[in-house]
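Asker: Sequences listed follow chains A and S, in order. The opening residue of the first sequence carries number 1 in our numbering; numbering runs sequentially from there. The opening residue of the second sequence carries number 1 in our numbering; numbering runs sequentially from there.
Honestly, the hints are just simulated from the structure, not real lab data. Note that this is a predicted model, so its numbers are computed, not measured. Be a bit skeptical, because a hint or two may be false.
[Stated by the list, open to error] In silico EDC-like cross-links for lysine to aspartate or glutamate, where the CA-CA straight-line distance does not exceed 16 Å: (1) Lys281(A) to Asp54(S); (2) Lys345(A) to Glu50(S); (3) Lys345(A) to Glu44(S); (4) Lys3(S) to Glu98(S); (5) Lys3(S) to Glu68(S); (6) Lys114(A) to Glu485(A); (7) Lys114(A) to Glu497(A); (8) Lys58(S) to Glu68(S); (9) Lys40(S) to Asp88(S); (10) Lys114(A) to Glu441(A); (11) Lys391(A) to Glu50(S); (12) Lys12(S) to Glu71(S); (13) Lys281(A) to Glu5(S); (14) Lys95(S) to Asp54(S); (15) Lys60(S) to Asp88(S); (16) Lys113(A) to Asp473(A); (17) Lys281(A) to Glu62(S); (18) Lys90(S) to Glu5(S).
[What the hints assert, rightly or not] Here are the computed distance ranges between Cβ atoms for each label pair: (19) Pro10(S) to Ile462(A): 48 to 54 Å; (20) Ile30(S) to Ala128(A): 44 to 50 Å; (21) Arg82(S) to Gln280(A): 50 to 56 Å; (22) Glu106(S) to Glu502(A): 29 to 35 Å; (23) Pro10(S) to Lys391(A): 32 to 38 Å; (24) Asp54(S) to Ile476(A): 36 to 42 Å.
Note that the Cβ used here is the ideal one computed from N, Cα and C, for glycine as well.
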Amino acid sequence: MDLDSQLYRVEAHGSRDGALRRMIVRCVLVVLLACGAMGGACFGQSPVASSAVAASSQTDRITALEKKVAQDAAATAQAQSAGDNAWMLTSAALVLLMSGPGLALFYGGLVRKKNILGTMMQTFAMMAVITVLWALVTYSLAFGTGNAFIGGLHNVFLRGVGLTPDPAYAPTIPLQTYMVYQLMFAIITPALITGAFAERMKFSAMLVFMVLWAVIVYSPMAHMVWGVGGLLNATAVGGGGLAGRFPCLDFAGGTVVHVTSGVSALVTALYLGKRLGFPQKAFMPHSVVLSFIGACLLWFGWFGFNAGSALGAGSLATSAFVATHFGAAAGAIGWAAAEWIRSGKPSALGGISGAVAGLVAITPASGFVRPIDALWIGLIAGVFCFFMVVKVKNMFGYDDSLDAFGVHGAGGTLGAILTGFFANSVINPIFGAGKPTGFFEGNHGQVLNQLVGVGIGWGISITGTLLILVIVDTLIGLRVSEEDEREGLDLSQHGEEGYDWEAA
Amino acid sequence: MQKIEAVIQPSKLDAVKDALVEAGISGITIFEARGHGRQKGHTEFYRGREYAVDLLPKIKLELVVADEMVERAIQAIIGAARTGRIGDGKIFVSKVDEAIRIRNDERGEIAL
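If we strip away everything but chain A, and leave its shape as in the complex, we get (with noise of 0.2 Å):
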């Protein structure tokens, strides 16, 4: 059996380090013809007998050698494939943690006792209707092969989505692992935005504002961030037509989740208006107990957001793992700080939403960043956003009931920005190994590419979200009635209370 058509047969065994693996056989095989040939003098047989032996015994261990290296190799990228989808299914499930109870309890402590179950609602309807949407036809939107802006209809009900991996997207793990883990980012984002609707939106108009939402806002955003030869995706640099275009680094979401969620929120509080009484009535949360729970689960849930968007279990997810936890610790001490001089005093609720602040500014960064940038992204998001919920919301008086806009739409925009200038080929060489990353290290122009990234974001966010409460409010009307907002959501559109203390 000749050599190479061996050595190719290890190669096609999954090995993406083919040129390595062959130098390292033939270095082997050097060894043991040398090792041979050493052993067969010692022994001292006659030459002729053991020349013979020799060459037929070093052709059968070179063979039995090959298939071991073979096996090996197959082996190997079989456990690497193993590792990383375990750490992908974990990841997607701490994606929906965050979501379910995590936001659904950090909103539904923000808003008043009669309301509780509506907030609550408006997340997990997401968790059931986006996945549903998401088979039909958001999938093969946001992931299946497209143009620069938005992806086809070959994977609608998701054919062709099966369980061997796609090497566009994860070369180590199954597509279908890949297809979920993206779903549950697909949940989270149009969850964020009902934190500005807080305690006014009809339930059924929220579920159709929610479905086109994710149609027209989400899917073709995801795609130009993400998806294969997205405008704005930094991996299909070089791919020829409009791919990568504008190479905009968003690691885990920043422009595709934060600024599209934060700036459709601002959208829908503006067009949708203030709830009854806003501002004198006081609208003070009813548990901030409950808000802490979620905002802990968020922060918890986020190292699957992060961590995970490395789409393997390998240093990169590590790396994205520690930013992301520096990110939230520094957001936490910002805004906090930021209160602490301003009003005299720390709050609870201060300190969980700077822990947030802190966690949507890392996102797009997290895997691009080191860990002492990820403090400096993560103190300066929560200053920003404590100065942009308490000073610029009260300025112009929109009411973001749960500061949906002054937390993801202002945090998600600051991070994608600051990420154009912490980025660090050190800890991702995405343009190329020695090519700077970032506007610190030399790439002055990527700061201009994530400008790019956040206007378009920016962009088809408003322009999207603006149609479609058009459309809904046409359709079905936003609002609740002035009686059901008094009686409050959760008797009004769910019929039921979440608390009942009376009943013994």
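Position chain S relative to chain A; hints supplied.
Answerer: Chain S in isolation, oriented as in the chain A frame:
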């Protein structure tokens, strides 16, 4: 028989209860209430927005005692609930015409 109604700070409930027991008074009913007198509440901050909370949590307690016990009960409550600051609360005393024990229909002071 007289009824003593007292509005006190929630944090003083345990001390008042103990003082009343020490004074030899066994029956007491308490309510979790909200209200304000001259103190007129306080302010709370949530994400930079200031809210005036003018109805504060209070404890209201009611007890009906024999006439000769009234002053002892009042002193017990004052002694335990006073901090000297605004918001310590109020005591109201009124006459009670009849007391009836539901279990055996006893009437008057014996029913207390």
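Asker: Each hint should be assessed against the structure and marked as holding or not.
Answerer: Hint check results:
{"no.": "1", "hint": "Lys281(A) to Asp54(S)", "verdict": "12 Å, holds"}
{"no.": "2", "hint": "Lys345(A) to Glu50(S)", "verdict": "13 Å, holds"}
{"no.": "3", "hint": "Lys345(A) to Glu44(S)", "verdict": "10 Å, holds"}
{"no.": "4", "hint": "Lys3(S) to Glu98(S)", "verdict": "11 Å, holds"}
{"no.": "5", "hint": "Lys3(S) to Glu68(S)", "verdict": "12 Å, holds"}
{"no.": "6", "hint": "Lys114(A) to Glu485(A)", "verdict": "10 Å, holds"}
{"no.": "7", "hint": "Lys114(A) to Glu497(A)", "verdict": "7 Å, holds"}
{"no.": "8", "hint": "Lys58(S) to Glu68(S)", "verdict": "28 Å, violated"}
{"no.": "9", "hint": "Lys40(S) to Asp88(S)", "verdict": "13 Å, holds"}
{"no.": "10", "hint": "Lys114(A) to Glu441(A)", "verdict": "52 Å, violated"}
{"no.": "11", "hint": "Lys391(A) to Glu50(S)", "verdict": "12 Å, holds"}
{"no.": "12", "hint": "Lys12(S) to Glu71(S)", "verdict": "19 Å, violated"}
{"no.": "13", "hint": "Lys281(A) to Glu5(S)", "verdict": "32 Å, violated"}
{"no.": "14", "hint": "Lys95(S) to Asp54(S)", "verdict": "31 Å, violated"}
{"no.": "15", "hint": "Lys60(S) to Asp88(S)", "verdict": "12 Å, holds"}
{"no.": "16", "hint": "Lys113(A) to Asp473(A)", "verdict": "27 Å, violated"}
{"no.": "17", "hint": "Lys281(A) to Glu62(S)", "verdict": "33 Å, violated"}
{"no.": "18", "hint": "Lys90(S) to Glu5(S)", "verdict": "8 Å, holds"}
{"no.": "19", "hint": "Pro10(S) to Ile462(A): 48 to 54 Å", "verdict": "49 Å, holds"}
{"no.": "20", "hint": "Ile30(S) to Ala128(A): 44 to 50 Å", "verdict": "46 Å, holds"}
{"no.": "21", "hint": "Arg82(S) to Gln280(A): 50 to 56 Å", "verdict": "37 Å, violated"}
{"no.": "22", "hint": "Glu106(S) to Glu502(A): 29 to 35 Å", "verdict": "31 Å, holds"}
{"no.": "23", "hint": "Pro10(S) to Lys391(A): 32 to 38 Å", "verdict": "35 Å, holds"}
{"no.": "24", "hint": "Asp54(S) to Ile476(A): 36 to 42 Å", "verdict": "40 Å, holds"}
Hints 8, 10, 12, 13, 14, 16, 17 and 21, counting from the list given before, are not met by this structure.
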